Amino acid sequence: MSLLQVQDLRVSYGGIQAVRGIDLEVAQGELVCLIGANGAGKSSTLRGLMGLAHARGKVRFAGESLAGLPTHAIAARGLALVPEGRGIFGRLTVAENLAMGAYIRSDQAGILADAERAYGIFPRLAERRRQLAGTLSGGEQQMLAIARAMMGRPRLLLLDEPSMGLAPLMVAKIYETIATIAAEGVTILLVEQNANLALRVSQRAYVMESGALLLAGSAADLAANPRVREAYLGD
Amino acid sequence: MDIFTQQLINGLVVGSIYALVALGYTMVYGILELINFAHGEVTMIGAMVALSVIGILMGTAPDLPGLMVVVAGLLLAIPACMALAFTIEKIAYRPLRKAPRLAPLITAIGVSIILQNLAMLVWGRQYVSFPAVLPRGQHEILGAHITDLQIVIVVLSLLTMAGLWLLVERTRLGRAMRATAQSREVAELMGVNVDRVISATFVIGAAIAALAGVMVSAYYGLAHYYMGFMLGLKAFSAAVLGGIGNIAGAMLGGLLLGVIEALGAGYIGDLTGGFLGSHYQDVFAFFVLILVLVFRPSGLLGERVANRA
Numbered sequence: 001m002s003l004l005q006v007q008d009l010r011v012s013y014g015g016i017q018a019v020r021g022i023d024l025e026v027a028q029g030e031l032v033c034l035i036g037a038n039g040a041g042k043s044s045t046l047r048g049l050m051g052l053a054h055a056r057g058k059v060r061f062a063g064e065s066l067a068g069l070p071t072h073a074i075a076a077r078g079l080a081l082v083p084e085g086r087g088i089f090g091r092l093t094v095a096e097n098l099a100m101g102a103y104i105r106s107d108q109a110g111i112l113a114d115a116e117r118a119y120g121i122f123p124r125l126a127e128r129r130r131q132l133a134g135t136l137s138g139g140e141q142q143m144l145a146i147a148r149a150m151m152g153r154p155r156l157l158l159l160d161e162p163s164m165g166l167a168p169l170m171v172a173k174i175y176e177t178i179a180t181i182a183a184e185g186v187t188i189l190l191v192e193q194n195a196n197l198a199l200r201v202s203q204r205a206y207v208m209e210s211g212a213l214l215l216a217g218s219a220a221d222l223a224a225n226p227r228v229r230e231a232y233l234g235d
Numbered sequence: 236m237d238i239f240t241q242q243l244i245n246g247l248v249v250g251s252i253y254a255l256v257a258l259g260y261t262m263v264y265g266i267l268e269l270i271n272f273a274h275g276e277v278t279m280i281g282a283m284v285a286l287s288v289i290g291i292l293m294g295t296a297p298d299l300p301g302l303m304v305v306v307a308g309l310l311l312a313i314p315a316c317m318a319l320a321f322t323i324e325k326i327a328y329r330p331l332r333k334a335p336r337l338a339p340l341i342t343a344i345g346v347s348i349i350l351q352n353l354a355m356l357v358w359g360r361q362y363v364s365f366p367a368v369l370p371r372g373q374h375e376i377l378g379a380h381i382t383d384l385q386i387v388i389v390v391l392s393l394l395t396m397a398g399l400w401l402l403v404e405r406t407r408l409g410r411a412m413r414a415t416a417q418s419r420e421v422a423e424l425m426g427v428n429v430d431r432v433i434s435a436t437f438v439i440g441a442a443i444a445a446l447a448g449v450m451v452s453a454y455y456g457l458a459h460y461y462m463g464f465m466l467g468l469k470a471f472s473a474a475v476l477g478g479i480g481n482i483a484g485a486m487l488g489g490l491l492l493g494v495i496e497a498l499g500a501g502y503i504g505d506l507t508g509g510f511l512g513s514h515y516q517d518v519f520a521f522f523v524l525i526l527v528l529v530f531r532p533s534g535l536l537g538e539r540v541a542n543r544a
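Taken in sequence, the protein lines are chains A and B.
Reminder that position 150 of the first sequence reads as 150 in the working numbering, one-by-one numbering, no gaps.
Reminder that position 155 of the second sequence reads as 390 in the working numbering, one-by-one numbering, no gaps.
Calculated from the structure, these hints are not laboratory results.
Treat the hints with caution; some may be incorrect.
[Unchecked claim] Examples of chain B residues toward chain A, derived with CB under 7 Å:
| # | residue |
| --- | --- |
| 1 | E375 |
| 2 | I376 |
| 3 | A414 |
| 4 | R419 |
[Unchecked claim] Over the 12 Å line for every Cβ pair with chain B, so calculated as not near, a few chain A residues:
| # | residue |
| --- | --- |
| 5 | Q5 |
| 6 | D8 |
| 7 | L24 |
| 8 | T71 |
| 9 | G87 |
| 10 | E96 |
| 11 | S106 |
| 12 | P123 |
| 13 | A145 |
Please read all numbers here as calculations on a predicted model, not as lab measurements.
Even glycine gets a Cβ: it sits at the ideal position worked out from N, Cα and C.
Let's have the full structure, built from the sequences with the hints guiding it.
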């Protein structure tokens with residue numbers, strides 16, 4: 001059985017439907033991506049899953065329904081979203097941002113060990129741990145946002161456009177990290193406009209257009225699909 | 236007697252009370268960008284509850300030491316104010332969380348009027364005097380007098396401020412409060428129950444206000460259903476002076492405002508050749524407020540200019 005099962009998810013803002021009934025699944029340990037053009041409803045799907053936007057439909061996580069739960073309760077069940085634009089707490093230090101990521105945990109020793117591990121993966125953050133997070137560069141903030149999400153030991157990591165606005169070198173570094181986290185067995189649902197990048201690290205993919213699913217399949221198949229190549233891979 | 240030193244001491248005493256009340260304004264503003272105009276009335280209710288308890292205890296157990304009676308009044312006023320602030324937030328502000336900013340602001344003014352009128356019904360229109368039960372020792376420093384009560388007020392205020400500072404900077408709740416102040420949405424994503432953090436902010440501010448209310452009524456020897464209005468406005472001015480939303484700013488702004496007001500009141504007679512007397516002291520707080528709003532709207536320690544009004 002899949003870790004995340006979504007049936008007929010609809011997300012709306014006011015009267016506008018951003019997601020018009022999509023089905024998707026993510027199995028334990030999988031890295032799945034959701035690609036599509038700007039405005040296709042990818043971010044809205046993630047926001048709907050986290051209860052940040054008004055959502056209807058069936059969402060089951062580890063067999064339990066998430067319907068009607070407030071965002072903090074969804075987070076407490078093990079879903080972590082790294083939001084678009086990173087959403088770091090600029091007036092908190094790097095260390096405090098990581099501590100916020102571990103807010104739902106109470107095992108102090110484990111939290112400290114995980115923070116040290118995060119500093120090991122991102123030495124740039126270790127050097128700046130006492131610095132206000134708002135003073136970090138965009139790439140460092142993205143690292144911090146991912147590291148912070150990992151501090152909660154999520155069962156499902158939702159990443160929203162992690163490459164957005166970053167220099168190519170930094171994008172490569174971020175994707176290397178995503179691959180490492182996935183290799184450690186963390187289940188990931190990745191939303192990305194840069195289909196090339198996303199398909200390269202994912203096992204499966206969904207293609208979204210105008211709030212609906214257009215295609216679904218293995219990342220390799222979709223990368224070879226002429227329609228996808230033409231519309232999203234720039235061929 | 237040295238007027239300058241004396242007024243400086245008086246100003247620091249009153250200023251530390253302003254600072255305590257200002258903290259409640261600034262903490263709520265920091266998280267909700269709401270000016271909780273009912274906060275002055277919460278302070279007044281604290282004073283009134285404490286005075287009622289003191290009155291009852293003095294009637295039923297006249298042998299109790301005065302200090303103990305006042306402490307008992309304070310210990311009941313604190314939870315009463317906490318419960319009151321919790322209720323106000325829940326029934327008056329929370330339903331308006333997503334409303335335009337003007338709606339909760341007007342509601343706050345409404346709550347403030349309701350509380351004043353309730354207090355008038357319960358405690359009457361006349362001044363309630365603070366019984367002379369506290370020790371009245373006096374000391375002399377640098378040619379000025381300082382009373383035991385003044386020392387207690389300043390020391391307790393500083394301890395309270397230090398305690399709040401530790402809470403906000405060093406605890407899990409404090410971190411969640413600061414995170415919520417920056418982004419409610421991302422704080423929720425971290426698993427923070429933002430509604431609970433907002434409640435906690437109101438409740439902590441109210442506990443401090445209760446202490447301030449008891450201090451101010453003990454200091455002036457009286458309480459009145461309308462006392463929260465002026466105290467609230469001055470504390471709000473102090474919060475703006477320090478930079479609204481900034482906790483250290485509220486502490487600094489409160490102390491500064493108290494000193495400015497006391498020195499102003501001490502010298503205004505000389506400066507105007509006796510035309511204006513020390514009863515014009517209230518003018519200074521609002522004069523300072525206007526100057527701050529004109530020349531430095533972000534306040535002394537405020538980082539961001541209020542551009543979201």
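Consistency of the hints with the structure:
1. Given the 7 Å rule on beta carbons, the hint for E375/B is violated: about 45 Å separates it from the nearest Cβ of chain A.
2. Interface restraint check: I376/B against chain A, minimum CB-CB distance 40 Å, threshold 7 Å, status violated.
3. The beta carbon of A414/B comes within 5 Å of a beta carbon in chain A, closer than 7 Å, and the hint placing it at the interface holds.
4. Because the beta carbon of R419/B sits about 10 Å from the nearest beta carbon in chain A, more than 7 Å, this interface hint is broken.
5. Residue-level check passed: Q5/A sits 21 Å from the nearest beta carbon of chain B, beyond 12 Å.
6. Every beta carbon of chain B lies more than 12 Å from that of D8/A, the smallest distance being close to 24 Å; the non-interface claim holds.
7. Against chain B, the non-interface label of L24/A holds: every CB pair exceeds 12 Å, the least being about 20 Å.
8. With a closest Cβ-Cβ approach of about 4 Å to chain B, T71/A is found to fall inside the 12 Å limit, against its non-interface label.
9. Not every C-beta of chain B lies more than 12 Å from that of G87/A, the closest at about 4 Å, which undercuts listing it as non-interface.
10. A cut-off of 12 Å between C-beta atoms contradicts the statement that E96/A is not in contact with chain B; the least separation is 6 Å.
11. Once the 12 Å rule is applied to beta carbons, S106/A is inconsistent with being away from chain B; the minimum gap is 9 Å.
12. No Cβ of chain B approaches the Cβ of P123/A within 12 Å, the least distance being about 24 Å, so the stated non-interface status holds.
13. The non-interface label for A145/A is inconsistent with chain B: the shortest C-beta to C-beta separation is roughly 9 Å, within 12 Å.
The structure fails hints 1, 2, 4, 8, 9, 10, 11, 13 (numbered hints given earlier, in ascending order).
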